[in-house]
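A.B. asks: Going line by line, the protein sequences match chains C and S.
Under our numbering, the residues of the first sequence are numbered 1 to 509, in order.
Under our numbering, the residues of the second sequence are numbered 1 to 515, in order.
Keep in mind that the hints were calculated from the coordinates and are not lab data.
There's no promise every hint is true.
Stated by the list, open to error - A short list of chain C residues far from chain S (calculated; beta carbon distances all over 12 Å): (1) S366; (2) E431; (3) G507.
Unchecked claim - Keeping only pairs whose Cα atoms sit at most 20 Å apart, straight-line, the calculated SDA-like set for lysine to any residue is: (4) C:K71 with S:S240; (5) S:K387 with C:A500; (6) C:K147 with S:S345; (7) C:K96 with S:Y377; (8) C:K469 with C:A500; (9) C:K243 with C:A23; (10) C:K96 with S:D33; (11) C:K71 with C:E45; (12) C:K96 with C:Y298.
Just so it is clear, CB atoms sit at the ideal spot from N, CA and C, and this is done for glycine as well.
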Amino acid sequence: MTTQATAEATLPLEAALAAYDPALGLEVHVELNTATKMFCGCPTEFGAEPNTQVCPVCLGLPGALPVVNVKAVESAIRIGLVLNCQIARWCRFARKNYFYPDMPKNFQTSQYDEPIAFDGFLDVELDDGAVYRVQIERAHMEEDTGKSLHVGGSTGRIHGATHSLVDYNRAGIPLIEIVTKPMLGTGERAPEIARAYVATLRDLLKALDVSDVRMEQGSMRCDVNLSLTPKGADRLGTRTETKNVNSLRSVERAVRYEIGRQAAVLSSGGSVVQETRHWHEDTGVTTSGRVKSDADDYRYFPEPDLVPVAPTAELVEALRGTLPEPPVARRRRLQTSWGFSDLEMRDVVNAGLVELVEETVRAGASPAAARKWWSGEIARRANAAGQDVPTYAASLGVAPAHVVELEALVKRGRLNDSMARQVWDAVLAAEGTPTAVADARGLELVEDTGALASAVDAVIAANPEVAAKVRDGKVAAAGALIGQVMRELRGQADAAAARALILERLGQS
Amino acid sequence: MTTDLTRSTAAALADLLTQGSISAREVAQAHLDRTAEVDTAVHSYLHVDTEGALSTADDVDRRRAAGESLHALAGVPIAVKDVIATRGLPTTCGSRILRGWVPPYDATLVTRLRTAGMPILGKTNMDEFAMGSSTEHSAYGPSHNPWDLDRIPGGSGGGSSSAVASFQAPLAIGTDTGGSIRQPAAVTGTVGTKPTYGGVSRYGLVALASSLDQAGPCTRTVLDAALLHEVIGGHDPMDSTSIDAPVPPLVEAARRADVSGLRIGIVRELTGEGFQAGVRTRFEQAVQHLVDAGAEVVEVSCPSFTYALAAYYLILPSEASSNLAKFDAMRYGLRVAPSGISDPSAEQVMAATRDAGFGDEVKRRIILGTYALSSGYYDAYYGSAQKVRRLIADDFTRAFEAADVLVSPTAPTTAFRFGDKLDDPMAMYLNDIATIPANLAGIPGISVPSGLADEDGLPAGFQILAPAMHDDRLYAVGAALEARLTAAWGGAMLDRAPALAGTGAAVGPTRTKEA
Chain C
1 MTTQATAEAT
11 LPLEAALAAY
21 DPALGLEVHV
31 ELNTATKMFC
41 GCPTEFGAEP
51 NTQVCPVCLG
61 LPGALPVVNV
71 KAVESAIRIG
81 LVLNCQIARW
91 CRFARKNYFY
101 PDMPKNFQTS
111 QYDEPIAFDG
121 FLDVELDDGA
131 VYRVQIERAH
141 MEEDTGKSLH
151 VGGSTGRIHG
161 ATHSLVDYNR
171 AGIPLIEIVT
181 KPMLGTGERA
191 PEIARAYVAT
201 LRDLLKALDV
211 SDVRMEQGSM
221 RCDVNLSLTP
231 KGADRLGTRT
241 ETKNVNSLRS
251 VERAVRYEIG
261 RQAAVLSSGG
271 SVVQETRHWH
281 EDTGVTTSGR
291 VKSDADDYRY
301 FPEPDLVPVA
311 PTAELVEALR
321 GTLPEPPVAR
331 RRRLQTSWGF
341 SDLEMRDVVN
351 AGLVELVEET
361 VRAGASPAAA
371 RKWWSGEIAR
381 RANAAGQDVP
391 TYAASLGVAP
401 AHVVELEALV
411 KRGRLNDSMA
421 RQVWDAVLAA
431 EGTPTAVADA
441 RGLELVEDTG
451 ALASAVDAVI
461 AANPEVAAKV
471 RDGKVAAAGA
481 LIGQVMRELR
491 GQADAAAARA
501 LILERLGQS
Chain S
1 MTTDLTRSTA
11 AALADLLTQG
21 SISAREVAQA
31 HLDRTAEVDT
41 AVHSYLHVDT
51 EGALSTADDV
61 DRRRAAGESL
71 HALAGVPIAV
81 KDVIATRGLP
91 TTCGSRILRG
101 WVPPYDATLV
111 TRLRTAGMPI
121 LGKTNMDEFA
131 MGSSTEHSAY
141 GPSHNPWDLD
151 RIPGGSGGGS
161 SSAVASFQAP
171 LAIGTDTGGS
181 IRQPAAVTGT
191 VGTKPTYGGV
201 SRYGLVALAS
211 SLDQAGPCTR
221 TVLDAALLHE
231 VIGGHDPMDS
241 TSIDAPVPPL
251 VEAARRADVS
261 GLRIGIVREL
271 TGEGFQAGVR
281 TRFEQAVQHL
291 VDAGAEVVEV
301 SCPSFTYALA
311 AYYLILPSEA
321 SSNLAKFDAM
331 RYGLRVAPSG
341 ISDPSAEQVM
351 AATRDAGFGD
361 EVKRRIILGT
371 YALSSGYYDA
381 YYGSAQKVRR
391 LIADDFTRAF
401 EAADVLVSPT
411 APTTAFRFGD
421 KLDDPMAMYL
431 NDIATIPANL
441 AGIPGISVPS
451 GLADEDGLPA
461 GFQILAPAMH
471 DDRLYAVGAA
481 LEARLTAAWG
491 GAMLDRAPAL
501 AGTGAAVGPT
511 RTKEA
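Chain S with its partners taken away, still in its complex shape (with noise of 0.2 Å):
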C-alpha cells in the first residue's frame, strides 16, 4: 500500500480490510506510527496500547485467513476516552486520585469494542472527570488541537477529538455530560454524536453526572459515527437507564443523506449574541445548503433555554459531588498520608487523598454540588433546577411538532487560545450554552465542520438535535450537509489543516504518559 492508511475513514479502511487488500496488523501499526510521530506535539493519549492494538489486529487477521465472518469493523482500530473502565487498561479519568488504576472490568461498551474485533489503540487525555471544555483540567497537561497548537481541542474529549483530527485514529469513543463529545468536535473540524440518553450502555463510564452522561463517536465523518454508533448502541441489562428497544438504522441514515421535506428548525435563542461572527455566518450557509438539498427551514423559540446553564450547573455538581465520594483512598487509587500526623484515621486519610488528588475544578463542582444538596437549600436549589430541566424538556418537545430536526451552531466560538478562560470559569461554562440543552431533556445530538471562520480560518461546527430515540435524523440531516460541503470544498475541510511536524519519537510496547 502506499495511500497513508491514516488519512482513510473508518468506512473505507472496513472495506480494505474486508477485501483483504490491507491487513489489520498494518492498519493498526500505520496509527501507532502516526502517534509515535505527533503525539508529543498533540499529546492526544495518556496510555497508548501498542501491544494489546497488534495482538487484536493479529487476532483479525487470523480469524479473517481462517474465514471467519467478522464484524464489518473488525480490524478498524480505535481510541478510547480515558473516563471509559478497560480491563488490564490504565483508566485515570484524566485525575491524579485515579493515577495507575487498572480496572478488572470492561466497560459495557469497550466489550462491545472488543467483541466487534476492533483494536483499541488507548486512552486518550480529557479534562478531569469530564469537567471541562478545554482538557486544561487535566491532571496530565492538555491536548492541543491539531489546527493551532496553541489553541484548546474542546473539552472534555479534547484527546479523542484531537487524536481523530491529527490522524492519530479513526474512530474514538468520546462522552457528553454537556457537550465534552459536540464542542471538541466543532472545534477540531471532526464529527461527534451524543446518542439519546439511554442509548449507549453507561455501565463502566465512570460517572459525572449521572442523569446527563453519555458516550457517543468521535470521527471524521457521519457515516464513521453511525457505522460506530451502531457497534456501542443498543440495550444493556447491566444499566437500569439503557433503553430496550432497537437502534434505528443509522447507518442507513447516512448512506441515504435524504433531507427532502425534513423540517428544519433554527432555536432562536442559540443563533443571536454572544456568538462570534464566522462561526454565524458558516452556519446560515450550512442551513443554505440543506434548504438547496430541499429541506424546509422554520424558526423556533424555546424560551426556556435561558434558564438552561444555571440549570445544568446546579444538576451537575449535586450529582458528581455524590458520585466522586468513592474516591477515598480505601479500595483503589491515589492514598495520601496527611502530614503531621503520625497515627492517621481513615478520614484523615481520606481528606489528605481527596485534597491531594482532585484539582480545583473538581473541588469547586463538588462544593457547589454539595452545598446545592444541603439541607434548606435543596428545595432552592437542585429542586428547581429539576424544574427547569422539565420546562426545557417542554421546549424541545413543542419544537419538536413544527419542526423534524433543530440546529444551530454548536460552540459560540472557534477554539480559544490556553489560558485565554482558565481563570473565568463564567466563560468556560458559556462555551457549552448550545450543547447543555439536549443534555438536560435526554435528546441526541451530533456536530458535524461547518467550515472556517472568516476571521481566524478555524474550524466551527453545526449542530443538529432530534427528539429521543430518532438518532437517525441527525445521520440524514448530517450527512446531507456533509455531501453538500464537501463538495463546496472540493475535499475534506481537515485536509486543509495544518502539517503536524513529526517528532519521530519512538513508541515502546506500552508508554504511560501520565506526568
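Extracted from the complex, chain C is given alone in its bound form (with noise of 0.2 Å):
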C-alpha cells in the first residue's frame, strides 16, 4: 500500500508541549468472542469463506428480526464492571441511521443515551510506575458492519477500485464501544498514556476472556480524538479524530503525531480543523479523511424491533463474582513469584508477554528463562513482521516446552550460552525442537580436556605478543585468546574453562 499523503508540517513535541495543553480521548471497539453474532445465530468465527455466516438477519432480509444475544450482554456488564462502571438497569437500543454499502439495513443497531455500562475509571500503570486514572464515559453494545474488499486500482483502497465485494459474515459481530472522558493534564505522557490505557484495556479484556482482543485482525480497533488547548485557555481545542490506529506503538505515535501536526497549524495562526483523520502505519502520518461537522445527523431513535435490556441485580453481583484478579494486583503477584525487577516486569509487561511467561514457567522453565527466550531474537522478528510475540510464536508452532527443553539443554551442560541462541535461531526457523536442532547440528559442548588444552597452547603459540601482555598482568587481553579458542572448536566449548585453562598457562591464576 503507498501512501500518497504529503507529510503536513509538524512541531517537535517539546516544542508543541511548551504551548499548548493536549486533549485527549480514546474510542476503542472490541468485537466480543461470543459464539453466535449480536442478534442472530450466525457463528462469528473469524477467517471463513466469505458470506458464510450469514441469515436473513444479518444480511438485513426484509422481515427479518434481531433477537439480542444475552451472551453479549453479560461480557458487556462484565466490561462495565471491570471498568468500575454504572451498569445501566434499564436501557434501550437505538438505531444509528447512515447508509453505507457493507451495513446491511442501512442503520447500525447500537446505544445511544442509554448505554448498558456509564461512569467508570480505569487505572493504567506507566513505565515508571506512576499511575494515571482514566475516566470511563460509556461502555454501549452494537453490532459490526460488513467488510468491503476494493478491487483493482494500485491501491486496494475505494479510490481508483474498479469495483467492490462486501463479505457480510462480519455483520452482525458483537461489538463493545468503551470511550473515555476527555483525558486532561497529560501533558507530555499523552502518547504514553494513550498506549499504556490501551494496552491495560487489552490486558483486561483478555483476563475477562471477553474477546480475542488481536489488534491486527480488528477485533480490538481504536480512534484517537486528539485537540489542543492553548496553554492558560480554558475551552478545548477543535479535535481530530483519527482512525485505523490499529497497534499499540501506533497509538502512541498517532497521538505524538498529531500533537505536533496541531501545533505546527496553530502555531503558524491557522485553525484545526474538525475531521476524521486516518493513520498510516508505513510513514507514521496521519491524513485527512471526511470533514465532519455538527450536521452529521444519525436519527438516532429507540429501536423498536427490541425489548428494552433491564438487568437485575442478582444477575449484575452474579457477573461481578466472575470477575478476574485486576491486571495491577495480578502482576505484582507475578512479579514477586517470578523475581523480576520493576524494568525487567515492565518490559514483559509491555512486550504483552505475561500470559506466555505464565504459561512457560508453568511448564517449567525458570521465570528468568522464559523472560528472556521470549524477548529477544523472537520479539525482534516478530516486530519486523508487525505482529505481537504470542501471535507469531503460534504462526511458526513454537510453545512454552520449547524454552523448557532449551534451557534444560543448557542446565544439563551440553550447551553454552551461545549455543544454545543457535539452537534457539533455528528453532525459530523451524528447523525443530531444540534437542533435535542440537542432534542435527552436532553441537555439544566440550569437555575433552585434551582438545582444549591443544587449542589453547595452539592459540598462545600463534600468539606471543598478546600472550606476553597477559603474562605481565594485562588479563583483559586474554579475551582475544578466548575468541580465538572458541573459533578453533568451532564455538562447541565453554568459554569460562577455556578462559580459565589460558590463565593458568600464562601464569595468571
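Using the hints, put the two standalone chains together into the complex.
C.D. replies: See the structure below:
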C-alpha cells in the first residue's frame, strides 16, 4: 500500500507541549468472542469463506427481526464492571441511521443515550510506575458492519478501484464500544498514557475472556481523538478523530504525530479542522479524511424491534463474582513470584508477554529463562512481521515446551549460551525442537580437556605478543585468545573453561 | 358437490373436509377457478400460486387418507398479503423496488399456516409498503371493491379484503399499522382483526412501522377470524416483541357469543362530526342489538385521541424512514443505473434505485420521517409524539376501567371512489381516525359489518376494541352482534353484494400480474 499523503508540517513534541495542552480521548471497539452474532444465531468465527456465516437477520432481508444475544449482554456488563462503571438497570438499543454499502440495514443497531455501562474509570500504570486514572464515559453494545474489499486500482482502497466486494460474515458481530472522557493534564505523557490505556484495556479484556483482542485482526480497534488548548486557555480546542490506529505502538505514535501537527497548524495562525483522519502505519503520519461537522446527523431513535435490556441486580452481582483478578494486582503478584525487577517486569508487560511467560513457567522453565527467550530474537522478528510475540510464536508453532527444553539443555551442560542462541534461532526457523536442532547440527559442549588444552596451546603459540601482555598482568587481553580458542573449537567449548586454562598457562591464575 | 364451495365459511369447509365429504384439492381448485373468473376485474392478487396451493391440498388429502390427525383448518385455503415473506413466492410489498424478490425464508405466521396444512392461494395486493387506505398506492394498480368496482376496497390491505369479499378465498392474512385490516374489512363488508401488539409474530412481516405493525385475520365471519387467529397467534422467539403468554380462548369466545352483563363503552370522540350519517345510523342500531343481547352501554371519553393522527404521522414515518433504508439495490430487489453517469458509485446507484423504485407516498413519508428524527427536531416531533402515545394509552386504561370493550364506527365513511382522495393526503389519512388509537396503544380491535349505509347502499363497519391480551372479548362481542344482524337481515350481508361478471380467464400454473 502506498501512501500518497504529503507530510504536513509538525512541531517537535517538546515545542508543541510548551505552548499547548493536549486533550486526549480514546474510543475502543472490541469484538466479543461470543459463539454467535449480536442479533442472530450465525457463527462468529474469523476467517471463514466470505458470506457463509449469514442469515436473513444479519443480511437485513426484508421482514427479518433481531433478537439480543444474552451472552453478549453479559460480556458487556462484565466489561462495565471491570471498568468500574455503573450498570444501567434499564436501557435500550437505538438505531444509528446512515447509508453505507456494507451495512445491511443502512442503520446500525447500537446504543445512544442509554448505554449499558457508564461513569467508570481505569487506572493505568506507566513505565516509571506512575498511575494515571482514565475516566470512562461509557461502554455500549452494538453490531459490526460487513467488510468491503475494493478490487482493482493499485492501492486496494476505494479510490481507483474498479469494483468492490462485500463480505457480510462480519455484519452483526457483537461489538462493545468503550469511550473515555477527555483525558486532561497528561502533558508530555499523552502518547505514553494513550498506549498504556489501550494496553491495560487489552490485558483486562483478555483476562475477562470476552474478546480475542487481536488488534492486527481487527478484533480490537482504536480511534484517537485529540485537541490542543493553548496554555492557560480554558476551552478545549477543535478535535480530530484519527481512525485505523491498530497497534499499541501506533497509538503512541499517532498521538505524538497529531500533537505535533496540530501545534504546527495553530502556531502558524491556522485553525484545526474538525475531521476524521487516517493513520498510516508505514509512514507514521495521519492524513485528512472526511470533514466532520455538527451537521452529521445519525437520526438516532430507540430500536422498536427490540425490548429494553433490564439486567437484574442479582445478575449483575453474579457477574461481578466472575471477574478476574485486576491486572495491576495480578502483575504485582507475578512479579514477586518471578523475582523480576521493575524494569524487567515492565518490559515483559509492554511486550505483551505476561501470559506467555506465565505459561512457560508453568510448563517448567525458570522465570528468567522464560523472559529471556521470549523477549530476544523472537521479539525482534515478531516486530518486523508486525505481530505481537504470542501470535507470532503461535504462527511458527513455537511453544513454551521449547523454552523448557532449551533451558534443560543448557542446565545439563550440553549447550553454552551462544550455542543455545544458535539453537533457538534454528527453532524459530522451524528446524525442529531444541534437542533435534542440537543433534542435527552436532552441537555439544567440548568437555574433552585434551582438545581444549591443545587448542589453547596452539593459540598461545600463534600469538606471542598477546600472550606476553597477559603474562605481564593485562588479563583483559586474554579475551582475544579466548575468542580464537572458541573459533578453533567451532564454539563448542565452555568459554569459562577456556579462559581458566589460558590464564593458568600464562601464570595468571 | 353441487353447492359452491367458495361461498362456504372456513369453519364449514373445515367440517366438510374433516368429514371427508370434500377434498382439499376440490376446495383449492374451486377458489382458483373463482379467481380466474373474477380477479381480472377485482385485482386482489399480485401473484397466484396455483401449483403450490394444489400441491399442499393434495398433500393434506393424502395425509387424511392415511389416517393422520390433522389441524382443524387443514385443507382450508388462504390468501396472504404481499408484505409477508413467503419462501419461494414473490414478495413485493406492492412496490417496484421489490419486483421479483423471492424470499429465501418464511415468515413465522406462514410457517404456522403451512404446518396447519393450509394451501396458500397467492399474495394479495396492497398500497406500497402498506402506506395508504385505498390500494391506489400499489405500484401494480389498485384492487377494486366487489360492492362497486369503481370504489376502493380499503387499504392498505385492499387485496386481502377484496379477495375474501369476492369469494376468491375464505381466509386471508392482513397487516394493520393504523387500520389496514379493519378499514378494508369495513368498506368491503367483511371481518378483520388487529390482534394485541405482540400477539402474532412479526418475523417475516416487512416492517412499515415496527412499533405499530400487527398481522391478523381477514375473513367473512367472526368465528373464521377466531379460528385463523388461533393458528397464527402465540409466542415466537424470533420476534423480541412477541408476547410470551398463552393466547386467550378465541374460538370458544366466538362460539359462546355471550355479552350478557358486558359493559360496552361508546367513545365520544369517535362518533360525532366527520362520520357519514348512514355509518352513524348503522352504528347506533348495532349498539342497540348488543343492548338487546344483554350488554350495558356506557359513554367514555378519550380526550387525547384528538392528537392521535398527528402523533401517528410522526411515529410511523420516523420508523418507516429507517425501516425502508435497507432497500438500497445492494443485495436484492431493483437495481437502477443512474442515467448520464458512466461509472456510478454505490451511493449513486442507491439513490437512482430509490428514486425509481419508490412511489410518491413512500417518498413523502420517508422525507417526513427523516425530518422528524433530525437532530434539533427530534424532541419537538418524535419525542412529543411518543408522549401523546403515552397519553392515548392512559386514556384507554381509564376507559377500560369503565367499560369491558369500547366501540365506534370503524371508518368515518363507506368506500370512496377511486381518485377521490388521492391528491389530498390529509383526507386519506383522516379515514384512519378511528382505527389509529388502537395501534398507538397496542390494544386489539376488530371490525365487523354493521350493515349498508342508507344513502349509498355500501357496507359500514363496527369496531370493537379490548384491553391488551383480551382479544377474546372482540370475538364474544363480534359474534353476538353478527348473529343478531344476520338474523335481522335474513342471511349474510355479503349475499346482497352484486354478482361479479365472470371473465373466464384461464389460470396458468403460476400467474404473476405484476405490471
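A.B. asks: Does each hint fit the structure? Answer for all of them.
C.D. replies: Cross-check of the supplied hints:
no.: 1; hint: S366; verdict: 54 Å, holds
no.: 2; hint: E431; verdict: 49 Å, holds
no.: 3; hint: G507; verdict: 86 Å, holds
no.: 4; hint: C:K71 with S:S240; verdict: 16 Å, holds
no.: 5; hint: S:K387 with C:A500; verdict: 92 Å, violated
no.: 6; hint: C:K147 with S:S345; verdict: 17 Å, holds
no.: 7; hint: C:K96 with S:Y377; verdict: 16 Å, holds
no.: 8; hint: C:K469 with C:A500; verdict: 16 Å, holds
no.: 9; hint: C:K243 with C:A23; verdict: 17 Å, holds
no.: 10; hint: C:K96 with S:D33; verdict: 49 Å, violated
no.: 11; hint: C:K71 with C:E45; verdict: 16 Å, holds
no.: 12; hint: C:K96 with C:Y298; verdict: 5 Å, holds
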